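Asks: Each chain is listed here by its residues.
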Amino acid sequence: MLSLNNRSGKLIGLVALVLVAVALLFNLLMHKFVVTEKGPKVSCAAFFLAQSDLQTQGVMSLHIDGVNHGRMHISATVRDSVGTVKYTLLRNVNFEYRYEGDGYLALQLVDISKNASDTMPNKLFNRSIFDFSVKARQLRITEVGDGYLLWNDFSPVMMCIHSQ
Amino acid sequence: MVFTIFNMIAFRSEDGAMWNIAQPDRRLSFTTIPTRLFAYLLENADRMVGREELLNNIWDKYGLEPSNNSVNQYISLIRKSLSELGCDEEIIKTIPRVGFYIAGETVSYSVETQQSVVSTTTTEQPTPKQPGLRKWYKPSLLAISLIISTLLVLQPFRSATGHLDYRFPQSMLYKIGNIATCPVYALNASSPDVAARKVKLAEELATAHTPCLNNEVFIFHSGEHYVHQQSGRAFITRCANSDHTLSHFSDCKAVYAFAK
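Protein chains in written order, with the working numbering: chain D, 1 to 164; chain H, 1001 to 1260.
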């Protein structure tokens, strides 16, 4: 009969139990206070054209650090139906993010900085590029080959290719 | 009389000799009192033996005066000796405020020799393999707990080895047709009828903004609403795909159209 009902057996059982319990506690504390989920780093650029009643054409670069911080640089021109430049867009967006699964990142805006020559109204930007009208937003990223599709709530909006 | 304890240890009550059956050279001898004490407990196996009973039968009966802690000291000595001979089982159990107890199934005896051991119990004896197993299960338990603990401690540091906790999902591409010489892919499978509609819409968007130039590929996506009523959102991107494997894209130009 293999049992732990003798003294040294009990002691060894206790030592084993304490070892595992301490290691488990360490693991849980590390995950709660120190460890952050790590995902892929992305650094890519996308040439895009957003077509509605106005046409916004430009380049956006996206950088996310694989942990919790990211930024977008967007440069574009907005033209009306006859091709006249109505606005220019030159904007940097800094954000914190958290991965929610299935490609969804929950974005928390840190700041949006506009260059002096940026004349695009926020309302139009929110409607035609990314809706940053509220501080918390979702962005979805999926991989296609070695590139990334960037999605809003409804549809892909950009194809982002690795920056050289 | 030779007692066999746990099929591992032999104890001869005549001279107090005790040895390991598997390793007869591991042997020790008790002096008179512990010999008498152990023999008494073994003879009364399966019965609770009170402290008073022991004092009477081991000391008083022989005109000896026990000290206060005599019983405990000799019981400790016997346990230690059993352990030294490799028997870590708790053979002599202390029942607080009652006395001592040896389970009958752990003891058998023979009158003269080890070879003619007569079992006093009807229970099955342990197989000869068990002492070996018993020898290893404690180190094994300790080793397994050490391995588990080490893994638990190292696990939070796995990202230092380049481990990723998640990856972005892969979008599948489904070929739905061609625009001139450029293949068109959708992000979800569709029926031939819907695929044909999608190709038509993709062609309209491509012609206006990103025409097929030189065997690039198109990736098209639209909501059902857009396919049927041309309202809602549609997306098309034209990319160069030099290796024709859909694994490396470059020079992409995307159009995102939304109509009310």
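Just so you know, the hints here were simulated from the structure itself, not pulled from any lab data.
The structure presented is a predicted model; accordingly, all values stated were derived computationally and were not measured.
Just so you know, not all the hints are guaranteed correct.
Below, computed lysine to aspartate or glutamate pairings styled on EDC-like, alpha-carbon distance capped at 16 Å [claimed, not checked]:
| id | chain 1 | residue 1 | chain 2 | residue 2 |
| --- | --- | --- | --- | --- |
| 1 | D | Lys-38 | H | Glu-1089 |
| 2 | H | Lys-1080 | H | Glu-1065 |
| 3 | D | Lys-41 | H | Asp-1088 |
| 4 | D | Lys-38 | D | Asp-118 |
| 5 | D | Lys-10 | H | Glu-1089 |
| 6 | D | Lys-10 | H | Asp-1165 |
| 7 | D | Lys-135 | D | Asp-102 |
| 8 | D | Lys-10 | H | Glu-1090 |
| 9 | D | Lys-41 | D | Asp-80 |
| 10 | D | Lys-86 | D | Asp-118 |
Asks: A separate judgement is required for each hint: does it hold in the structure or not?
Replies: How the hints compare with the structure:
no., hint, in the structure
1, D:Lys-38 - H:Glu-1089, "50 Å, violated"
2, H:Lys-1080 - H:Glu-1065, "24 Å, violated"
3, D:Lys-41 - H:Asp-1088, "57 Å, violated"
4, D:Lys-38 - D:Asp-118, "34 Å, violated"
5, D:Lys-10 - H:Glu-1089, "11 Å, holds"
6, D:Lys-10 - H:Asp-1165, "39 Å, violated"
7, D:Lys-135 - D:Asp-102, "21 Å, violated"
8, D:Lys-10 - H:Glu-1090, "11 Å, holds"
9, D:Lys-41 - D:Asp-80, "36 Å, violated"
10, D:Lys-86 - D:Asp-118, "11 Å, holds"
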